[in-house]
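**Student:** Listed below, chain by chain, are the residues.
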Amino acid sequence: AQTVTQSQPEMSVQEAETVTLSCTYDTSENNYYLFWYKQPPSRQMILVIRQEAYKQQNATENRFSVNFQKAAKSFSLKISDSQLGDTAMYFCAFMKQSGANSKLTFGKGITLSVRP
Amino acid sequence: DTGVSQDPRHKITKRGQNVTFRCDPISEHNRLYWYRQTLGQGPEFLTYFQNEAQLEKSRLLSDRFSAERPKGSFSTLEIQRTEQGDSAMYLCASTLSYSVDYGYTFGSGTRLTVV
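Note that the protein sequences, when read in sequence, are chains F and V. To convert, note that position 96 of the first sequence is 117 in the working numbering; the numbers rise steadily by one, no gaps. To convert, note that position 25 of the second sequence is 328 in the working numbering; the numbers rise steadily by one, no gaps.
It is worth saying that the hints were derived from the structure and are not from the lab. Treat each hint with caution, since some may be false.
[Unchecked claim] Below, computed lysine-lysine pairings styled on DSS-like, alpha-carbon distance capped at 25 Å: (1) V:Lys-314 - F:Lys-129; (2) V:Lys-314 - F:Lys-117; (3) F:Lys-91 - F:Lys-76; (4) V:Lys-317 - F:Lys-129; (5) F:Lys-94 - F:Lys-129; (6) F:Lys-129 - F:Lys-117.
Bear in mind that the values here come from a model prediction, so they are computed numbers and not experimental data.
Generate the whole structure from the sequences, applying the supplied hints.
**Tutor:** Listed below in structure tokens is the structure:
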């Protein structure tokens, strides 16, 4: 079974600064996908960024980038130039490539507050 | 395309009552998932459908829970004889089976409070 660990329950960052959210996971699979989802207060969860485990290159989406370390089973999210709208819960999630159901296994999440 | 819709947004019920939630996925999506999110936790998988077929149920889905997707479009999740431990956010998500590894589109959830 897969597990996803987000050990930091809360973080705070000043607007326009950079923040890194940590995530580690455990799996015996070789091929899989990793995701970061954002859940703003009382709003739906949206996909921030996705990484394919077989790709060495770290994924980037505008101000969001990841540091994927496959051997260390680490998948951190870096948010550059933080904005007030980045305030949300952030969930790290894992999906097996080979699984027919393609269910997501989530971490507990981290609450990010961006201060003006 | 209005995304994934869930109804109601909030539900307060007395212990022992039955409740039913509805999810309307994105119209062309053939896969539909239900997750449960309790306070301070990440979402946990409950069940999923491909078209109208329910293909997997988590052990979290006790016999008091039943889910349907009768025509492969909307889905309902019913909880019978609710318990306080059922209080949670129930999330629905949908996707296309051939692009599932790109992640899902989630709805805003139904928050259930059992008093």
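**Student:** Decide, hint by hint, whether the structure agrees.
**Tutor:** Structure-based check of each hint:
Under the criterion of a C-alpha separation no larger than 25 Å, the hint pairing Lys-314 (chain V) with Lys-129 (chain F) is consistent with the structure, at around 24 Å. Distance restraint check for Lys-314 (chain V) and Lys-117 (chain F): the Cα-Cα separation of roughly 33 Å exceeds the 25 Å cut-off, and the hinted pair is therefore not satisfied. Proposed proximity of Lys-91 (chain F) and Lys-76 (chain F) is supported: the alpha carbons are some 10 Å apart, at most 25 Å. In summary, the hint linking Lys-317 (chain V) to Lys-129 (chain F) is not supported, as the alpha carbons are separated by about 28 Å, beyond the 25 Å threshold.
With a CA separation close to 17 Å, the supplied pair Lys-94 (chain F) and Lys-129 (chain F) stays within the 25 Å bound. Distance hint between Lys-129 (chain F) and Lys-117 (chain F) is fulfilled; the C-alpha atoms sit about 19 Å from each other, no more than 25 Å.
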